[in-house]
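Based on the provided sequences and hints, a complete structural model is requested.
For the protein sequence lines, the chains are X, V, P and Z, in the order given. Just so it is clear: in the first sequence, position 12 is 12 by the numbering used here, and no numbers are missing. Just so it is clear: in the second sequence, position 52 is 52 by the numbering used here, and no numbers are missing. Just so it is clear: in the third sequence, position 59 is 59 by the numbering used here, and no numbers are missing. Just so it is clear: in the fourth sequence, position 119 is 119 by the numbering used here, and no numbers are missing.
Calculated from the structure, these hints are not laboratory results. Hints are not guaranteed to be accurate.
Given that identical chains are not distinguished, each listed pair holds provided it fits within a single copy or across any two copies.
Stated by the list, open to error - Straight-line distance between alpha carbons at most 25 Å, and here's what the computed SDA-like set of lysine to any residue pairs gives: (1) Lys112 x Lys125; (2) Lys25 x Asp97; (3) Lys112 x Asn80; (4) Lys125 x Thr113; (5) Lys22 x Gly54; (6) Lys125 x Asn28; (7) Lys11 x Lys125; (8) Lys2 x Leu131; (9) Lys22 x Lys130; (10) Lys12 x Gly127; (11) Lys148 x Leu31; (12) Lys12 x Gly54; (13) Lys22 x Lys125; (14) Lys128 x Arg118; (15) Lys143 x Asp46; (16) Lys6 x Lys109; (17) Lys2 x Glu15; (18) Lys11 x Lys148; (19) Lys11 x Met1; (20) Lys125 x Arg20; (21) Lys12 x Gln35; (22) Lys22 x Asp147; (23) Lys148 x Asp46; (24) Lys148 x Asp97; (25) Lys130 x Met1; (26) Lys130 x Asn106; (27) Lys109 x Asn144; (28) Lys128 x Ile102.
Bear in mind the structure is a predicted one, so any value in this text is a computation, not a measurement.
Listed below, chain by chain, are the residues.
4 protein chains.
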Amino acid sequence: MKFTPKSANYKKKVEESFHRQKFMKLINAKLVDVQPGYCEIHVPYDVNLTQQHGFFHAGVISTVADNTAGYAGFSLMEENSSVLTVEFKLNLMSPGDGELLIGKSNILKNGKTLTICRSEVFIVKDGKEKLCAAAQTTLIELKNSPDKNLINK
Amino acid sequence: MKFTPKSANYKKKVEESFHRQKFMKLINAKLVDVQPGYCEIHVPYDVNLTQQHGFFHAGVISTVADNTAGYAGFSLMEENSSVLTVEFKLNLMSPGDGELLIGKSNILKNGKTLTICRSEVFIVKDGKEKLCAAAQTTLIELKNSPDKNLINK
Amino acid sequence: MKFTPKSANYKKKVEESFHRQKFMKLINAKLVDVQPGYCEIHVPYDVNLTQQHGFFHAGVISTVADNTAGYAGFSLMEENSSVLTVEFKLNLMSPGDGELLIGKSNILKNGKTLTICRSEVFIVKDGKEKLCAAAQTTLIELKNSPDKNLINK
Amino acid sequence: MKFTPKSANYKKKVEESFHRQKFMKLINAKLVDVQPGYCEIHVPYDVNLTQQHGFFHAGVISTVADNTAGYAGFSLMEENSSVLTVEFKLNLMSPGDGELLIGKSNILKNGKTLTICRSEVFIVKDGKEKLCAAAQTTLIELKNSPDKNLINK
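Given below as structure tokens:
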């Protein structure tokens with residue numbers, strides 16, 4: 001689907017919000033692409049991100065799904081809006097066994113209040129990409145509450 | 001609901017698996033309680049776990065929901081089984097604004113192959129506990145594949 | 001949880017809306033109980049409601065889950081609001097093999113815009129009640145759009 | 001995605017199972033297309049299928065989503081297997097306001113035990129198709145229990 005962003009600044013707005021998320025730095029996540037209604041985040045393998053079998057932890061996989069969904073939605077929201085995840089549902093389809101996690105989210109519907117998103121998370125092993133997880137997410141747009149003003153002090 | 005564990009060792013089994021999860025150490029998660037069909041995990045606030053507004057990141061909240069669900073289920077599984085999350089759905093109901101995140105999961109049904117779980121995540125602020133998120137999760141029991149043998153080398 | 005309804009009329013409002021749903025009549029659903037934040041619906045077995053094995057169809061089970069959730073939420077909404085289901089997630093845990101389907105929904109959180117609900121659907125066989133399905137649902141309150149004014153002409 | 005069916009009979013198997021579902025007859029659902037990993041079902045508008053505003057009831061929409069998912073999965077399963085829905089999550093994005101409901105499901109992953117599916121339900125009004133709902137579903141394959149032998153007597 002093709003979307004027209006309501007804010008000319010949509011890319012900068014997403015990048016700034018992403019860089020305020022200290023958890024992204026902790027897990028070494030990279031914001032790789034932002035388009036209107038689309039977001040892509042990569043997380044390279046690190047032993048500190050693993051579950052009991054040495055694979056990417058489901059918590060990291062869901063973080064990537066949730067964050068790409070949130071920013072895919074945020075890219076379509078008004079200049080002075082902030083975004084919150086209402087809920088998401090994630091299916092884990094293959095173990096996160098590989099050197100890189102790639103999350104990609106596409107907006108299905110951008111409503112006045114709610115935005116619906118679908119996400120895929122791929123695991124790259126020896127350069128080969130495989131579907132690792134898929135999510136469906138509901139986001140809410142909070143109008144007149146700019147993202148940067150919500151900072152917890 | 002009351003469950004009878006199939007492994008006398010259920011608590012030790014969960015603790016060992018939890019401590020093999022390096023991601024739990026990274027986010028400083030504590031395994032606080034394990035009962036048959038129940039698991040509780042705490043995560044104290046740390047600025048490295050925050051999203052753009054300075055609250056606990058949804059990825060941390062979902063990690064806690066997923067992990068308590070997985071271990072609540074694992075506590076009921078056979079000695080030589082391992083557990084995987086098939087899918088989960090999480091509603092975020094209040095911002096993770098507080099000093100401590102508490103995840104609690106209870107098994108709804110422990111089937112032969114699949115186990116269904118409900119989870120609540122609470123946020124504690126100034127000592128007051130508030131419902132932050134709720135999840136419903138499907139787990140699968142992999143028989144004859146002991147958790148510790150699956151370690152990625 | 002205890003809730004205080006915003007409309008003194010909450011029970012009548014739910015009953016009238018329920019009786020406008022012609023699909024409820026088709027499947028012979030009975031609105032059995034409405035309390036603030038709670039709703040219960042029963043559907044007696046009928047061969048026309050079955051799937052390929054002769055059990056209650058998952059579509060009927062999800063109808064009961066969705067409708068009890070919607071009306072549990074609606075009971076807490078303002079006099080002039082209507083309710084829509086944003087999304088729901090349903091786990092089917094046992095076949096709908098029995099003479100009566102009982103749906104019960106309880107509100108977890110009644111927010112300004114969104115309301116979150118948990119539902120259980122039980123199957124009664126030879127008088128014995130068994131958990132058949134469990135759902136978690138997100139509802140939205142549409143203010144100043146009374147339910148009865150939305151009728152499609 | 002392209003899938004190779006394990007049963008040469010896959011189409012006949014789905015059609016026979018569909019026609020054993022008496023609930024499909026009650027709601028006048030038509031099985032319009034079955035391909036390996038794909039299923040499409042149509043339901044024409046009928047006043048008996050409506051909710052309180054006169055639109056298709058969410059229960060009918062979720063029936064269509066669930067059934068197309070189940071049969072998309074069933075088309076890939078072994079000759080002697082039957083299929084059950086483990087769980088599904090459905091987002092309702094537009095009211096079911098129109099003359100025809102069209103459900104389409106595509107398999108994302110066909111695993112040994114579990115199969116994951118994505119579904120879209122469209123509403124057609126005055127000949128124009130609009131996305132009405134989207135689902136993500138987990139199915140389980142029950143091997144050596146042929147669908148037709150499970151009939152409830």
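Okay, which hints does this one fail, numbers in order? Of the numbered hints, 7, 10 and 15 do not hold.
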